[in-house]
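Quick mapping for you: the protein sequence lines, in order, are chains Z and L. First residue of the first sequence: 1, per our numbering; consecutive thereafter. First residue of the second sequence: 1, per our numbering; consecutive thereafter.
These are calculated hints, taken from the structure and not from any lab test. Please note: incorrect hints may appear among the correct ones.
Stated by the list, open to error - Once the Cα atoms are required to be at most 25 Å apart in a straight line, the calculated SDA-like pairs of lysine to any residue come out as:
1) L:409 x Z:149
2) L:13 x Z:71
3) L:409 x Z:89
4) Z:74 x L:476
5) L:195 x Z:60
6) L:494 x Z:73
7) L:501 x L:482
8) Z:206 x L:404
9) Z:74 x L:484
10) Z:74 x L:404
11) Z:206 x L:406
12) Z:52 x L:329
13) L:409 x Z:210
14) L:409 x Z:104
15) L:217 x Z:46
16) Z:206 x L:329
17) L:217 x Z:48
18) L:409 x Z:99
Since this is a predicted model, take the numbers as computed values, not measurements.
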Amino acid sequence: MSTEHNCWKCGTPDVASLFCRYCNSLQAPIPNYYEFFGLDCQLSLNPDHLQKQFYQLSRLLHPDRYTRRSEQEKHYSLQASSILNDAYRVLRDPIRRSEYVLNQAGFEIGDPRNKEVPPELLEEVFELNMALDELRMGDTEVLPQLDEMRQHFMDMMAEMDGELETQFLAHDAQPDDEARRKVLTGIRAILNRRRYIRNLVDEVDKQLTSRNA
Amino acid sequence: MSTFQIDFSSVNKKRIVGIDLGTTNSLIAFMDLTGPEVIPGADGSALLPSIVSLNDDGTFTTGAAARRLLIDRPDRTVYSVKRLMGRGVDDVRDELRLFPFHIASGSEQVIRLQLGDRQLTPPEISAQVLRELKHRAEEYLGEEITQAVITVPAYFNDAQRQATKDAGRIAGLEVLRLVNEPTAASLAYGLDKRKDGVVAVYDLGGGTFDISILRLKEGIFEVLATNGDTHLGGDDIDNRMLSIALEDIAAEWGEDVSTNGEAVQTIRQAVIEAKEKLSFVPTATLEIHYQGKQYLRELRRDLFEQLIKDIVDRTLGPCRQAMRDAGLQPEQIDEVVMVGGSTRIPLVRSAVEALFRAKPHTDLNPDEVVALGAAVQAAILSGDVQDKLLLDVTPLSLGIETMGGVVSKLIHRNSTIPASATEVFTTSVDGQQNVLIHVLQGERELVKDGRSLARFDLKDLAPVPAGMARIEVRFLIDANGILNVTARDLRSGKEQSVEVKPSYGLTDEQVEAMVLESFEKAEDDFQARQVREARVEADTIFSAVEKARSNDAWHTLDSDEQAAVDLALNELHMVYHGEDHLLIRDRIEKLDNTTRRLAENMMNTAVRTALKGTKV
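Chain L extracted, bound-state conformation (with noise of 0.2 Å):
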């Protein structure tokens, strides 16, 4: 583990915290005089379950207590809605086969999850596990927080990362910035540290894949190419289990129970558990109870192997890409840092050795090293780290629709970002005065092949005949790999006004109203948490008094004593309904102080007490 240069110069400055929103787990970090720190929660783990469940009551229940209502209320609680961030209904229709959850009608361009009564997006989903990280980090630290970066697979497009950008929204947070997964890796490693050279990180999580190579030379951290696909991961490796156990389970028990949802994820479980086991030791027990029912397979991992083998060989063609697109041979890598869950697998561990010719790193934890990268990059956008930085790329072309259904490639994968282009655009009928975008994303040749990413549409153009205008559009990339679109008229040179139709995800209205109802709704809001905790502190000090003065004690105070604390009492009861906890901790405080010679008094009393039964 590096040491870290931290400025603390700036002591008073917001704090910025790293977020990992994972597929399986979420975690929060933050950076420490000593490093980067996750930050754990309540049941003293740092790993949160990124698992929502909606109750009755309109409220949810987030993490551990969640996954224990994956079996109770399979409909009503949601796992893996990573996968489902920024996708259309037909982008996953195969695996929504196998998840227990109902989709609600109309979710071409966002699903919209029916549960119980209510339907929500994926970045609302999310949007509960930030809250809850973020409610985590307040009681840690003490502080509000309102700032953050969070981590997204590499291999992510535009309407992933925006999805994520609006669960933070959502869920309160500025989002500084969006990181790669495996780029804030390699910062949590402090690889720079011990020599400048070329890295490779494969990063195999639960439900994405993500490889990216590095140049470090001087605390400089340059993509030179990423690739990836982020529909591969240790889910795949689940459901693959899971099928074969349902079909073995069908045939020993004369019953399929595929299509009932508690039984699938009693199932689902075990399934994991015996997964997880074979990481380290050679064989593990499937077992399974179910009404009564009883299903025992001894698992070998040389078998377990085989029934996976294809999936971890997935991988592999991306990491050749990548090699290619950097234009490098696996001799030139000089170090390969493993990240994700599922690189625990002992076949991923020897697929990517013999890929590479290199022995994989493995010594920080798979599971948190994205967080504490994060946690990294957070301190380098508050300036409290100096020495770093991180130039990433973006994973896919970008392009545009012309004539005949081909896309024009303006930006190549693998650029540098922030990266722009800019295109001319002229109309083709006299008066025009709209001209229309299509913007694609991927490296398919034929529109009907790639993916639409928005259209854009030049509004109010002043009419001219046909081929006079000249739009100037400006096609920019952002550090968070995200498109922004800005067009001038070149005749007049003035701003030429935009408007954006995303193909897929939520407009910036219905994100807005989003934000707005869940400050309404917001329970663990830190204001309204702030003002509780002082009344649970008043509530406390109210019934000490109240025992205090049926106490012997009462009466060794004088009449004065006595009415300052009725006194004091009374101002804490005026305050105690309002809104302003920092208010209702001044009267605490100063009751505090008008009883503390009854406190003392009381315990003399108590202490005598004590001391009359005993002999000294």
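If we strip away everything but chain Z, and leave its shape as in the complex, we get (with noise of 0.2 Å):
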């Protein structure tokens, strides 16, 4: 996956990394978030590791740094950086981390404001609109009811980030690609749901503090 290239100053053949190994001069960015963070693909990621390494590489890529070098170079430094800042907010999320290696796999994943129900949760979406329907007419009496339920969509994602932390780890085993997608084909499937209570969630906060206002 690694893309090798020519040094653009000195001409050194096969620089796969940030900086030339003959002229040290930075070159184009590896556009991938874990090559650029020197990581395996693994979805189980130590964070004191990453912020470490994010301190170290942004040292080494911040515009800052090249404010008395070439245009190439600051250039460079400023593409560098915006991909090191962006992997660095997704790897360190587990949800966007995961999301991220989906996608990168070729997975599809399901469009964010979905609305499609999962059966599992009928019965609750269905109880749900009808507390924020009274809530809209006015009537505060559901309030305690909604606190509750928002309780208890809080305690299904905590419940489900547990699993795919699970399901992280057993990712990371797999001796092969194969064996992975498996996995990650689980892992979508809780993915989809968490992001469906989610929304659930955030109309809920919606809702409250519209009120608030």
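Please assemble the complex out of the two chains, which come individually in their own frames, going by the hints.
Written out as structure tokens, the structure reads:
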């Protein structure tokens, strides 16, 4: 997957990292987030290690370090640090990280605004919509019920997060791509369910804050 | 105050200065051997009032001298222009009522102030303040200054940042970085030397409010979240007090003076004085004398606090939001730092202490700390400071208009910058050659509620059937918090041209024209000033030699020596009106050398004369 090229400045062949090993000039950045961080495509990542890497790479790549350098290196520094920041934002968050891995592996991910109700949630969603409707009509007696439902959904998400963690470890332990894809299929199902519940919670929060405002 | 590890291996590099371009006052600072230092003006004060007055001859008066003109020439003197930067006239209609100057027509996109017979935009007026600061630094450091770091409120949007950068360009400064004021302050505090931890910077200035929450670790200053209000500050407190005073005065004098610019400015300055006093003493007298009339009021601090409480409270919402965005509770914030003149107000301090449950730091002068931080950032850019690095965020989400007038967010607020996002666009009509992308900034979901940033026109697309074009557009927010857009045709791999139409602000061409104009008018252009100064020196030596020739000592020189002096004198005359200051100085030195013996002889004569009358 890694892309090798010749150094733009001195022509040293097969440069595969951020800097040319011969003249040390900054190269066109690698767009893959894992490769950028020099990591294997693991779903389970140590956040402290990731942060350390992020700070270290920031010191090397940030545009502040390139004020007095050539236009070409300034340009690469801007590109590289934007990829670094985007990568860190995605990799440090387990949900976005797994979505990224699914995406890279060619999986379609559900539309974040998908309104199709998962069958096992039908009853709860129906109840929630009733309560929200009543609130919109000005019935404040449903507030405790809404709070309770919100908490219920939050608990469900926490449970799923635990489940995801187990699946992440399972994914990383698989010997080959095919076996990994099987685990990823399961992860995608959890993510879709989780995203649906996340939207429900957001909806409740939106109603509650617009009432307060 | 911290110490700084400075690398002086490359001394011949151009110096980069740090500038705090404030609503009320502006400052310029540089990195000295021992740390950052502000540069004082001729009056000894580092604070340059951000006030600009247009003189009748087309030149400008800036700073403390212009403050006096606020009263004498209110229609030609501009203050708090920062509040108008990057704004359209609709944004500021309310507060314009309190400004005495007039807005020219056609100000929807860029406000144009009518001063005398000229129309000036906020960046041009700010450029006058920057030029004055540049001048100060050049005098003080004895070298030309062309590169700067300028601070902006963290909550400034793209247009406001761009306007600040434009002001720099018009003033003849290359703005190497815009740095957010609260983050700059955290650099100046050198908090990273004490220990790693989480810091909140509360910055309430003359016109803007910012809150930034940072994580400090091993010299990295990582902003976790920022929030604020670019229209909230000491000015609002002044305006509140001013309108109350105006009403009260109208009742007492039986005359409404609120439309009289001169009277309003007199009352305004009295109100500000009373406000500032109340930060140190429990009561102050509001004292106004105007055209033989008098107004006296005793003002108690508790009453003052009651009157401004809602203004102070407006800062707390953004603080809470920033904590939520950073995912932190007040207990998790280790230190709170206060920045900006308005944080001297005791009510502000107690409100912040109650919110964060920590006593805020006020050890550094809140007026200077941002400029000092800008100088530290300048030293980071020049490579003189290598152990620190600032990772800042974008304060507002960036999105594009999609079907049905809905904003689709591409880059979320509080993303570390540089940050980017890519989207693939296509065409909806056969043979379509343009695609217009409308970019908005802010958190609102509907286009009609959001703030338009710019329209980007993808031009000269290859004509293909509808839906076949695949244009990849990359939105990149750079380290200054300014958006750059590039596009590529995925089918051909070719770069695609993008035309930018900013919704608020000047186009590149307009700025370029202003830069050219300002160069023509630049009275204080460094080069010109050097020539002027060399001529002043030449004048001094001319008159000294003139005097010497009628002195007895002239005849102590032999004729060769006299001829040499005359020759050197002529040579200096010949280059005097030229534009090469180095040549003028060279001839001054030569004349100086040929007249050395003459000067010595004169001295001896003088001493002898003096001694004659003295009994030893």
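Tested hints:
The suggested pairing of residue 409 of chain L with residue 149 of chain Z is violated, with an alpha-carbon distance near 28 Å, which exceeds 25 Å. Under the criterion of a C-alpha separation no larger than 25 Å, the hint pairing residue 13 of chain L with residue 71 of chain Z is consistent with the structure, at around 18 Å. Taking the CA atoms of residue 409 of chain L and residue 89 of chain Z, the gap is near 16 Å; set against the 25 Å cutoff, the hint holds. At most 25 Å may separate the alpha-carbon atoms for a hinted pair to count; residue 74 of chain Z and residue 476 of chain L meet this at roughly 14 Å.
With a C-alpha separation of about 23 Å, the suggested pairing of residue 195 of chain L with residue 60 of chain Z holds against the 25 Å cut-off. Of the supplied pair hints, the one linking residue 494 of chain L and residue 73 of chain Z holds, its CA atoms being roughly 21 Å apart against a limit of 25 Å. Between the alpha carbons of residue 501 of chain L and residue 482 of chain L the distance comes to roughly 14 Å, so the proposed pair stays at or under 25 Å and holds. A C-alpha spacing of about 21 Å is found between residue 206 of chain Z and residue 404 of chain L, which places the hinted pair at or below 25 Å, so the restraint holds.
Pair hint residue 74 of chain Z plus residue 484 of chain L holds up; C-alpha atoms about 14 Å apart against a cutoff of 25 Å. Distance restraint check for residue 74 of chain Z and residue 404 of chain L: the Cα-Cα separation of roughly 39 Å exceeds the 25 Å cut-off, and the hinted pair is therefore not satisfied. For the given pair, residue 206 of chain Z sits about 17 Å from residue 406 of chain L by alpha-carbon distance, which is consistent with the 25 Å threshold. For the hint linking residue 52 of chain Z to residue 329 of chain L, the alpha-carbon distance of about 24 Å falls within 25 Å, and the restraint holds.
Note on residue 409 of chain L and residue 210 of chain Z: the hinted pairing holds, with a Cα-Cα distance of about 21 Å set against a maximum of 25 Å. Proposed proximity of residue 409 of chain L and residue 104 of chain Z is supported: the alpha carbons are some 22 Å apart, at most 25 Å. About 18 Å separates the Cα atoms of residue 217 of chain L and residue 46 of chain Z, which keeps this hinted pair within 25 Å; it holds. For the given pair, residue 206 of chain Z sits about 21 Å from residue 329 of chain L by alpha-carbon distance, which is consistent with the 25 Å threshold.
Between residue 217 of chain L and residue 48 of chain Z the alpha-carbon distance is near 12 Å, which keeps this suggested pair within the 25 Å criterion. With a C-alpha separation of about 18 Å, the suggested pairing of residue 409 of chain L with residue 99 of chain Z holds against the 25 Å cut-off.
Checked against the numbered hints listed earlier, the structure breaks hints 1 and 10; every other hint is satisfied.
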